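Asks: Protein chains in written order, with the working numbering: chain A, 1 to 77; chain B, 78 to 304.
Among the hints, erroneous ones may be present.
Claimed, not checked - With a straight-line cut-off of 30 Å between C-alpha atoms, the simulated DSS-like cross-links for lysine-lysine are:
hint	chain 1	residue 1	chain 2	residue 2
1	B	K189	B	K270
2	A	K19	B	K189
3	B	K185	A	K64
Note that these hints are calculated values from the structure, not bench results.
Owing to the predicted nature of the structure, the values given are computational and were not obtained by experimental measurement.
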Amino acid sequence: MKIKVIVTPKNGVLDPQGKAIQQTLNSMNFIDVSEVRQGKYFEIETDLKDEKDAKKNVEDMCKKLLANLVIEDYKIL
Amino acid sequence: MKSSVIIFPGSNCDRDMDVALKKFGFKNKMVWHNDNVIPKSDLVVLPGGFSYGDYLRCGSIAAKSNIINSVIEFANKGGLVIGICNGFQILIETGLVTGALLRNKYLKFICKNIFVKTNKAHNKYFNKIKKDILELHIAHNDGNYFCSQDDLKSIQDNDQIAVRYCDSNGEISENSNPNGSIQNIAGVFNEKKNILGMMPHPERVIDSCLSSNDGSYFFENLLSNMK
Numbered sequence: 001m002k003i004k005v006i007v008t009p010k011n012g013v014l015d016p017q018g019k020a021i022q023q024t025l026n027s028m029n030f031i032d033v034s035e036v037r038q039g040k041y042f043e044i045e046t047d048l049k050d051e052k053d054a055k056k057n058v059e060d061m062c063k064k065l066l067a068n069l070v071i072e073d074y075k076i077l
Numbered sequence: 078m079k080s081s082v083i084i085f086p087g088s089n090c091d092r093d094m095d096v097a098l099k100k101f102g103f104k105n106k107m108v109w110h111n112d113n114v115i116p117k118s119d120l121v122v123l124p125g126g127f128s129y130g131d132y133l134r135c136g137s138i139a140a141k142s143n144i145i146n147s148v149i150e151f152a153n154k155g156g157l158v159i160g161i162c163n164g165f166q167i168l169i170e171t172g173l174v175t176g177a178l179l180r181n182k183y184l185k186f187i188c189k190n191i192f193v194k195t196n197k198a199h200n201k202y203f204n205k206i207k208k209d210i211l212e213l214h215i216a217h218n219d220g221n222y223f224c225s226q227d228d229l230k231s232i233q234d235n236d237q238i239a240v241r242y243c244d245s246n247g248e249i250s251e252n253s254n255p256n257g258s259i260q261n262i263a264g265v266f267n268e269k270k271n272i273l274g275m276m277p278h279p280e281r282v283i284d285s286c287l288s289s290n291d292g293s294y295f296f297e298n299l300l301s302n303m304k
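If we strip away everything but chain A, and leave its shape as in the complex, we get:
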């Protein structure tokens, strides 16, 4: 089973890369873009058969390694 996770910078945490992407998009005439936040996407293949168990396990992974909860939020899709 594959579990998908998105990790993004928390609101209020400076995201210099997102800012640079936003400015570049603006300079490319995508003038509607007011903010970009850059995050990470993980696809985790697990041997667990039960989706609930697998997601619980991935949540533990997010807290312990995949996200730094000081600056990032995670979302299991």
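Using the hints provided, position chain B relative to the given structure of chain A.
Replies: The following block gives chain B in isolation, referenced to the frame of chain A:
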């Protein structure tokens, strides 16, 4: 005095640190990250570099190494632990010191000498250094110190800010902030002040033939406190 420098895959300031520690009189041992136990030490150093290629987040993979449990145990017993640059990032990822280190504000790798104002109160790292301002070296991409407002208040109230970026006159301002760190923070202590994490490299400036000799004060002071 005995010290141990931990080597991770991708560490690259480990030997500079070894040279510096030995120069000032430490008996230093290099310790591989895959070992389980630190040799008997008075000081443990997590050196700079790019452990595990900075994958995931700088320091995050190294923070799960075999040796780290015994570093944490050593630190929790009051042992002196220093993390420089990537070592600071590793300390952050272990949770031994507060905060996070983000990508530099202007997205550039910064490699230059900077000045820092040191906190001399109740710690063995800077207490008796005669100079208030040290010229040290930084070389990093992710040194932009961040913490929540609550954590900032807590480290301020407990006097845990160890070093702050300043200019050559000691003035702390946006102009002397190389990477966007909040409050110009270049390094912090843990609550008991036995752990120091900082981005600047004292081990790179330990001889008058180098661009600065101010790192010498750091090591001399540390050793004098341990005798």
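Asks: Hints broken by the structure, by number, lowest first?
Replies: Violated hints: none; all satisfied.
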